[in-house]
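Take the given structure of chain A and dock chain B to it, following the hints.
Protein sequences, first through last, are from chains A and B.
Position one of the first sequence corresponds to residue 129 (this note's numbering), numbered consecutively onward.
Position one of the second sequence corresponds to residue 46 (this note's numbering), numbered consecutively onward.
Hint data in this document are derived by calculation from the structure and do not stem from the laboratory.
Treat the hints loosely; a few may be bogus.
Think about it this way: if two alpha-carbon atoms lie no more than 30 Å apart in a straight line, the pair counts; the simulated DSBU-like pairs of lysine-lysine are [stated by the list, open to error]:
| # | chain 1 | residue 1 | chain 2 | residue 2 |
| --- | --- | --- | --- | --- |
| 1 | A | 781 | A | 726 |
| 2 | B | 197 | A | 362 |
| 3 | A | 726 | A | 693 |
| 4 | A | 396 | B | 55 |
| 5 | A | 203 | A | 323 |
| 6 | B | 55 | A | 342 |
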Amino acid sequence: MNGNATNPQATPPAEAEAVQPVGYDFGLSRRGFVQVLGAGLLVAVSPMPALAQRGGGRGGGQGARTISARIHFGKDGTITLLTGKVEAGQGARAELSQAAAEELRLPASRIQLLMSDTGLTPDDGVTAGSGSTPRTVPAIRRGAAAARQALVDFASRRWGVEPAAVEVRGGQAVHGPTQRALSYADLAASEDAPKPLEQPIPANVSFTPVTQWKVLGLPTPRPNGRDIVTGAHKFPSDILRPGMLYGKVLRAPAYGAKLTAIDLGPAKAMKDVAAVRDDQFVGVAAPTTFQAEQALAAIAKTAQWERVPHPSSKDLFAHLKESARGGLPANPFQEELAQAKQVLRQTYRVAYIQHAPLEPRAAVAEWADGKVTVWTGSQNPFGCRSELARAFHLPEDHARVIVPDFGGGFGGKHTGEAAVEAARLAQAAGRPVSLRWTRAEEFTWAYFRPAALIAVEASLDGQGSLTSWHFVNVNSGGSAIDTPYRAGKKSCPFVGADAPLRHGSYRALAATANNFARESFMDELAAAAGVDPLQFRLAHLENPRLRAVLETAAQRFGWQEAVGKKTPNLGVGLACGTEKGSYVAACAEVEADEAESKLVVRRVTQVFECGPVLNPSGLASQVAGAVIMGLGPALREEMRFQDGQILNATFRKYLAPRFQDVPELDIHLLNRADLEPAGAGETPIIAIAPAVANALFRATGRRARTMPLWETT
Amino acid sequence: MVKAMTGMDKTFTFTVNGQARTVATDPERPLLQVLREDLQLTGTKYGCGEGQCHACTVLINGKSMPSCITPVRNVDQQSIHTIEGLAQGQQLHAVQEAFLAEDAFQCGYCTPGMILGVVSLLNDSPNPSDAEIRSRLHGHLCRCCNYPNLIKAIHRAAAQVQ
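Just chain B, with the same shape it has in the complex:
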């Protein structure tokens, strides 16, 4: 069990990438900080702390959520997936492959959150139109503005997944 002590600590149990985890921590602590600091899962990034850039996106019960504004109390008994759990061993997920094939990153800092956002999008809508991509991923900020390659990668991943 991972313990980050303050006076207000409570115990929470959830799965991360299929593995059961228990943490004792302040209930209001953002899931992002628990993942990065208590579980050393640093693939999930901080970008704004207020759910405006989606660099911190994780899947909670399969649905993409900004972990920076998700208090850890909200994920008790829930299932969380982070970027670290997406590939199966050496086998990359189709979205990861598509990002590599289309050069869909420059600095790469938005990439983990973006990839999970795309996984969630394709779960809901296996063959999204450009308009749907733009609208569904509007919250995901890429400051390198590599959006054209991102859109190509999403179409490529959609074709692979189908």
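Pulled out of the complex, with its shape left as it was, chain A reads as follows:
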């Protein structure tokens, strides 16, 4: 990619902010707060910026205005790149290092990356929505290219030569004819350093063209990999502070239950234990987790709760249908239906699932001089800072959020509830507190990927062409809801409903549900039209990039041969899709024996294209990981709940993919160096479930229209 990049301040996709924070409010009650404000006394309690900046940090981020806000050049030669993005295993640390190194003309190993510290780094927005590649990579390249230009200007002035006679290579400005060289460290040490480095980063710097890339495009390992394999890396749950206590928070026995009474006495009577109640928030802090658990158990026995009714997962889809806002929209294409050779309608269902990152929510909070510092695993550090500011009525700059590389997010860690809870406990204890949620807490009180009820109706003419397409998603969202296939008339509305569980982002959001329904239904339509599902799709598909991944996947998998083979209990299926500017197709072979309750995914080919490949090894890991992660909700994962309680809040009952689920895997990346790069953390997950569902049909003759597929078999 060349020339001007897109604006890094562009608003990120709205769905990245789909989840509601818990909304803790400590100290003054909301009502009391307004009254104080009305009395003109607010400033004495909490300066205005806390409120004025409510929306701050929850969008795309302001990025870095100047070179020095983006990159620090040490006089000793160290180069530190600053970014508000986080690393949760998706590969940002390697990729963003590459982006800076490419434009500075250095090896990536020369870059130190300081990530996601609201006190030090620019706000690059929430790490979500596959946004780091299309937005933060260009923003960093722009800052680094401006720094390179500053070095050229510095050298040309120093030597009295034309800037065009200065070349930057190996991190040095070089004047060929005289063999003189100046480094970024020389620039940093020079008297006029502050001036160019404090300049706003110009919008029109020139990027290194893709054909000249020396760092981007090459496999780049995670820079702090050694700390990962030695156990030296400190995840948020590993942070230790002097005098630190371990916290526990009292959880309601069921969703919606209100605490009416509790006696903190038994906990307060224990040595070195602090206990606090602040309206509905109750927690303890103790010198060890074991003691904190004992203290919490002692007061939990005294708690009295008022419970409310809550729908159960058994009635989930009826509940969604009944509560769909405005009801299900009627099919507007009655004329097409009347004239059609065939009309098909089906309903698809997708259960609630959870991200279940291996590191549950964790935070260490420490107060000093009325300011709080929190180390936590959040995909949204600046949003987390806002949550702290709101909860404690602080100006935003009195809360600092530091995000060490953490143990998995997958869209599940956009909120800062653990940070706020840790901060409340630390405030009560007067000492730093580490709060680490248990697996059961994570499974119950983190948020979920929304369940979906999807009703589809389509009409075919005598030639087997789609004349109308009516696709309604209830509850889960509008991501990838529009069909990429040609149809005479199309209508694809999303309808909200009364969601029984707190839901939010999950890798690819609703694109997985929408693609599952669409690609399953396309298979059913192909069968109705008597056409091979690959040919049926291609006949309705114009987008050349989507055609390319689909045709490549079918060819690598040996689709024609495999689909013609009739082997008992074996079946093949395919699916494709596009979301956020990247393209995916998957072919799967399954072995299913309904009599023996056996369903094994034996072989998967997946082809993926997201423009130019920036880090081939990182991308291959993301794509393979997404396929296997996607097998979980396709086959088995679902949240079961009843009477306001999660029934399977444990890895014994929530069956995430394991070693034995790994199929024979062929991952193929199409590299399109002529296009703009798109993100890759999400779209690779959307094709596997429908490919498996379609394969299951060919193995058993039965359509599974609910994810997880296994429950319906």
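Frame of chain A; chain B shown alone:
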């Protein structure tokens, strides 16, 4: 001696990475918490607290065990190895090298437990088949689902160790 006081405390002595350690603590406390909170060895991770994800794997007398469901009373007079003790100075263990070479981690949170699980596997079976790897490591959960690279790393480590 490290002391975490409650009324029920008893004294336990064991070695961690070859070093003698003594703790006075509740006998029922999980070894995981003692390692992390009393001995500040935070390389061993909590993932589920019920032995279902094996992020907390340590070697007890050379055998891989989930430390989250191992009460500290069970390790009195035993030998424990954690991820912190695997490298010899700057020299990484072959399994650690193989994990780096094959990008065998994404978020890296399962990695310490996974590496010790692989060390134990290779002790028992120096050249494991794919089927053996899948079956022996079935308890180790990687939520990033980086299993294909993990399998490559295990074969690479096996080739190195031999």
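(message) Check the hint pairing residue 203/A with residue 323/A against an upper bound of 30 Å on the C-alpha distance.
(response) Cα-Cα ~16 Å, so holds.
(request) Could you grab the alpha-carbon distance between residue 726/A and residue 693/A and see if it respects the 30 Å cut-off? (result) Holds: residue 726/A and residue 693/A sit about 20 Å apart, inside 30 Å.
(message) Just to be careful, I want the Cα atoms of residue 55/B and residue 342/A compared with a cutoff of 30 Å; is the pair within it?
(response) The hint is violated at about 60 Å.
(request) With a cut-off of 30 Å on the C-alpha distance, tell me whether residue 396/A and residue 55/B pass. (result) Given pair residue 396/A, residue 55/B holds - Cα atoms ~24 Å apart, limit 30 Å.
(message) Check whether the Cα positions of residue 781/A and residue 726/A lie no farther apart than 30 Å.
(response) Satisfied, since the Cα-Cα distance of roughly 18 Å is no more than 30 Å.
(request) For the pair we were handed, residue 197/B and residue 362/A, check the Cα-Cα distance against 30 Å. (result) holds, 26 Å
Hint compliance for this structure: hint 6 alone is broken.
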